[in-house]
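The whole structure should be built from the sequences, with the hints applied where relevant.
2 protein chains.
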Amino acid sequence: MTESTQPAAELDRARAGDTRSLARLLSLVENESPQVRIVVKDLMQNTGTARVIGLTGAPGVGKSTVTGALVGAFRSLEDGGYRVAVLAVDPSSPFTGGALLGDRIRMQAHATDDHVFIRSMANRGQLGGLAAATPQAIRVLDAAGFDLILVETVGVGQDEVDIASLADSVIVLVAPGMGDAIQAAKAGILEVADLFVVNKADKPDSHQVVRDLRGMIALAERKEGSWKPPIVSTVAVNGARDDGIAELVTRLDAHWSWLNSTGELQRRRHARAREEITALIFAALRHRLAASNVDELAGRVADGTLNPFDAAEELIAEHVTSR
Amino acid sequence: MTESTQPAAELDRARAGDTRSLARLLSLVENESPQVRIVVKDLMQNTGTARVIGLTGAPGVGKSTVTGALVGAFRSLEDGGYRVAVLAVDPSSPFTGGALLGDRIRMQAHATDDHVFIRSMANRGQLGGLAAATPQAIRVLDAAGFDLILVETVGVGQDEVDIASLADSVIVLVAPGMGDAIQAAKAGILEVADLFVVNKADKPDSHQVVRDLRGMIALAERKEGSWKPPIVSTVAVNGARDDGIAELVTRLDAHWSWLNSTGELQRRRHARAREEITALIFAALRHRLAASNVDELAGRVADGTLNPFDAAEELIAEHVTSR
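Protein chains in written order, with my numbering: chain A, 1 to 323; chain B, 1001 to 1323.
Misleading hints may appear alongside valid ones.
As the list claims (entries may be wrong) - Short, incomplete list of chain B residues facing chain A, as computed with Cβ under 8 Å:
1. G1048
2. P1176
3. G1177
4. H1270
5. I1277
6. L1280
7. R1286
8. V1294
9. G1299
10. A1302
11. H1319
Unchecked claim - List of simulated lysine to aspartate or glutamate pairs, EDC-like, C-alpha gap at most 20 Å:
12. K203/A x D242/A
13. K1203/B x D205/A
14. K1041/B x E296/A
15. K223/A x D162/A
16. K203/A x D243/A
17. K228/A x E247/A
18. K1223/B x E1191/B
19. K41/A x D1303/B
20. K203/A x D1205/B
21. K1041/B x E314/A
22. K1041/B x D1012/B
23. K41/A x E1314/B
24. K41/A x E1313/B
25. K1041/B x D303/A
26. K1041/B x D114/A
27. K228/A x E264/A
28. K41/A x D205/A
29. K228/A x D212/A
30. K1203/B x D1147/B
31. K41/A x E1296/B
32. K41/A x D1310/B
33. K1041/B x D243/A
Source of the hints: derived by calculation from the structure; they are not laboratory data. We put the beta carbon where it would ideally sit given N, CA and C, even for glycine.
So this is what it looks like as structure tokens:
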């Protein structure tokens, strides 16, 4: 690495607004370069100021369009607007080739705005993959001075990236015609929502979706003083309509105030750091197990001559200390 | 535990067709009873004969209905039919109360058939939860003498239960009007499919869904001799229509033959055992970390005074042996 590409120097340039430096830092993260540790150590003291909003929902509900509309809304605030970064996280697929090209194109309305940075992450790496890379990418954007980071993920509870462990506020998008809300509940997406957006609210059965969501929110057990997820109806069409987006921003701001006034923000970020550390430890253990006799033991479990508990005990005795 | 409820005796009764004994064994599994280890050790030598078929897809595509139709088809085979067990796996939710009551009701057509056993698992346990419990439940059903186990899961790549690591054959269901196939690809469900079912094929845009799927299967890189997922169109309506189900059974049988003739079955089951052992080791490590200083380290990462890599290194040095 030449002097001009030292991580600290790159970070300084990224903070000064150099998007090519920022892009290079994010490529290090995405490619799981050993340099990432150096970068993150350098930038830790500059983190913690960005507000992180996650958007998720089933395929086809319009996540990218709503994200684009939110970028526009936060950019055009009276006080000069937020510097906004968008991170589109998508496990790569042999079918799609990995890149969320369509989403990048859909957000081109902001491509010429210097205070908007858009990045897709789709690399499926080795040591923890996107689950490990995404928190580092958020940190890089945070340290680079973005006030707001919008993280768009495909679905919820994906193996690799769990939005609830990444964002301060989680928006769950639903849309009419995507199966009823009870079905959505089965997918386990309701618990993670801080806000619901019923997108495509101009479709005929959107009122029913709102009613169903309202019923389920009412049924959920909730502790005194806890947050009750609001439901916002939107009609977002690229460059044409953004009905409901202003209300969504208002509701997001209310959630942000609640997070700050109750100490919940600190609690969430603490839990997030804990999960991140745990994931790194698991990745290290997985690496060590790869060099163990786990394959021989697995063969014996597969053919029924050993049970999985005794197999695990043997490896725990060898690889996990007992103190 | 009284003598009559000893795991070995329960297992003998379950193998003889006593469904109450079988239900009690599965309750032990679901509740993560310490007895599970004893049960599994007892039954290991009787496992490995059942064929495990997984069904998954987005909410609303008709998984339970297709599962019900498959049960009927496999029960009515000329040679007397398979003994079939259905395991409906669903992470519990504060919104749904956990039980897949609707699914149980939908499959009542088979409720009076002695050779069909249906069970929902929805308990979110402590040590690994459903991800740890589901393989044990499959083992219990396998050892109890079921020839075929249909595992129905909500979505794919759920945090907790990954169908691809549980089943010999994976059916991915899609349906018209659930977002286009490119969107489905983004959800990462295509890679795990051994067979695609386009359900609700009487809907107008089902041909387009089939065309899109066909295009994506053609684009996917595939090694010489590997399995090319077929696409089966179905119209399954409880007790009324099961168009395409006979073809689905034929295709499933072809996949089963392929698994057996290529050694892929053994390879998959070996990989499955390996993941199961790894999950048990991770659960043990998580348990030990809970008693460590991970919370204090996480607090320092959250406030930016420590980076997550150094935090992880400290805990790895203490809890993971280096040899």
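Each hint tested on the structure:
1. G1048: 5 Å, holds
2. P1176: 11 Å, violated
3. G1177: At 6 Å from the nearest chain A Cβ, G1177/B passes the 8 Å test, so the hint holds.
4. H1270: 5 Å, holds
5. I1277: With a minimum Cβ separation of about 5 Å from chain A (threshold 8 Å), the hint on I1277/B holds.
6. L1280: Because about 4 Å separates L1280/B from the closest Cβ in chain A, which is inside the 8 Å limit, the hint holds.
7. R1286: 7 Å, holds
8. V1294: 6 Å, holds
9. G1299: Because about 6 Å separates G1299/B from the closest Cβ in chain A, which is inside the 8 Å limit, the hint holds.
10. A1302: 4 Å, holds
11. H1319: Constraint on H1319/B satisfied, holds at 6 Å.
12. K203/A x D242/A: Holds. K203/A to D242/A sits at ~15 Å (cutoff 20 Å).
13. K1203/B x D205/A: 18 Å, holds
14. K1041/B x E296/A: Holds - the C-alpha atoms of E296/A and K1041/B are around 18 Å apart, at most 20 Å.
15. K223/A x D162/A: Distance of about 24 Å is beyond 20 Å: violated.
16. K203/A x D243/A: Holds, at about 13 Å.
17. K228/A x E247/A: 16 Å, holds
18. K1223/B x E1191/B: Judged against 20 Å, a Cα distance of about 14 Å means the pair holds.
19. K41/A x D1303/B: 13 Å, holds
20. K203/A x D1205/B: 18 Å, holds
21. K1041/B x E314/A: The hint holds at about 15 Å.
22. K1041/B x D1012/B: 14 Å, holds
23. K41/A x E1314/B: 15 Å, holds
24. K41/A x E1313/B: 13 Å, holds
25. K1041/B x D303/A: 13 Å, holds
26. K1041/B x D114/A: 63 Å, violated
27. K228/A x E264/A: Roughly 14 Å separates the two Cα atoms, so the pair holds.
28. K41/A x D205/A: Outside the cut-off at roughly 50 Å; violated.
29. K228/A x D212/A: Within the cut-off at roughly 15 Å; holds.
30. K1203/B x D1147/B: 34 Å, violated
31. K41/A x E1296/B: Holds, at about 18 Å.
32. K41/A x D1310/B: 9 Å, holds
33. K1041/B x D243/A: 60 Å, violated
Taken one by one, the earlier hints fail for this structure at numbers 2, 15, 26, 28, 30, 33, listed in ascending order.
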